[in-house]
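Enquirer: Construct the complete structure from the given sequences, taking the supplied hints into account.
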Amino acid sequence: MNWPYVISNAIVLACIYGTLAIGISITWSSLGLLNLAYGFIFALSGYGAWLTSQYVVAVTPDALRGAMILAGGVATGALGGVLVCALAFIPVHDKPNFTIRGMIATLAISLMGTQLLLWWFGPRSKSLPEIFGASKRSLFGLVLTADKIGNVIVSIAMLLIVLTWMRSSRRGLEIRAMMMNPHAASIVGIGVRRTSFYVMAITGGLAGLSAVLLSQTYYIQPFNGLTPMIKGVSIALCGGLGSVPGAVIAALLLGFNEAMTSVALGGQYVLMTQFLLIILIILVRPRGIAGLLDKAREA
Amino acid sequence: MAEAREVLSVQGLSAGWGPLRVIHDLDLIVKAGERIGLVGLNGHGKTTLFYAIAGLTGWQRGSILLNGRQIGRTRSQGPGRYTHQIVRQGLALIPQGDEIFHGLTVEEHLDSGAFTPRAWKERATRKRRIYDVFPPLRKLSNTPVGRLSGGERRMVSIGRGLMAEASLFLVDEPSLGLAPKIGKGVLDALMSIELSDSAMVIAEQNIALLEGKVDRVIGMHVGKLKGGASAALMLNSNRDL
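Keeping their order, the protein sequence lines are chains E and L. Under our numbering, the first residue of the first sequence is numbered 1, with each subsequent residue one higher. Under our numbering, the first residue of the second sequence is numbered 1, with each subsequent residue one higher.
Don't read these hints as lab results, they were simulated from the structure. All values derive from a computational prediction rather than experimental measurement. Take these hints with a grain of salt, some might be off.
To be verified - Residues from chain L shown here face chain E by an in silico Cβ test under 10 Å; the list is partial:
| id | residue |
| --- | --- |
| 1 | T116 |
| 2 | W120 |
| 3 | S157 |
A virtual CB, placed ideally from N, CA and C, is assigned to each residue, including glycine.
Expert: Now the structure itself:
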């Protein structure tokens, strides 16, 4: 088996899925909303990036084109997140049975949204230009394509920016406080509604980023958000909902599993081994990997 | 003494959770500079009264004036929807038990209490003041709150409330669950805080802890106040409870 190849693939996948999973994880733990429209935001930002590549990129200088497409995807994702927040979170968040209602509302947005995308853009899949160029680089006898390197660097950089912002800024403090204890957060005067818009914009932006990154390998289709969302949710679950380091570790594990399976058994078995692994992890640690890392006791 | 400003004026407040009515048509006036003890047994509505003032109950009706501005609303749902606005108008609620953010450090925790823009700008000096009131916190400032002991957590929780630029401090059972000595220390710290233009209401089950330290003591019984509930009845009422 070509180990360096497997590992490099695993890391690329882990970066993309980790970005998604962290978005889902943050939304769940701070707002209590399981965002099933995440796949729709993902697909939407793919189209956003595609529109950028069709109409905006022609007037930007060559060096900035890749960055422009990325920015287009991230911005569309953030916009989609705000839209979902306004439609599915704000009206129901303080009503009884919010968890179920929120799930159904986001699911509805997801179904309607993907049909709208299908209606507007047609069933033909779109593809983005190579935003990281087509160069190749050889490292330890391993050929790394530019999009692999670019994927890893961009997603890690984006995550670092988001996490640093959450560590150091005041809004980040509000979001973290809400993730740990929403009731106490409202007591100290953190407005749930306003904070929810920040949260959804950021997590939507993360979905947009991973949509653009994944579109370097796959085509953009109205329904292509579903599988990444399922993987994102299960990784977030594995990592322990609400924990960023847990999600990163789970993403690495599952990314490695996916790369290994597709080399050893074949691509069609990926989902099977994926969920077997997830079930195993949840059996052993029902609340995910995060508990192992947590230094503080809860409540 | 000149007539003090009314910080809080509650009239005809009823509040509860779902079908349960905990507060029954309650009136209460708190004046600037006052330190009030609110005494009552478990389940008689002390916490619910505080939550109703903060807009956190399941439902409520009646008038609540904070610094002359109406913060009471007739609500049937949406606990906490307006709490952040009420906090911005000068309310600091120091909740009962462990309403803390277990993963934040002590310092971040204190920061999170400084909600208004002015308090946020002054947060360094405010934190120093809190550390003076609760010296043990100073060397714990970078520890996650989830690793502290019960007494230390209570100090953090109270410190967080005191960080706010508030005119009304509602302190809910500061000695609950603490060893008597530590509970007494926490209460002494609360008494040492300069109120000037603000006011403080301390809910407590142990009346002996409050004896002689507060300006007046109000009893609470099945959702109603007994004793010096309004300024008109203001006298040393802790005897005739």
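Enquirer: Hint by hint, note whether the structure agrees.
Expert: Going down the list of hints, with the structure as the test:
1. T116: 8 Å, holds
2. W120: 7 Å, holds
3. S157: 9 Å, holds
Of the hints listed earlier, there is not a single one the structure fails to meet.
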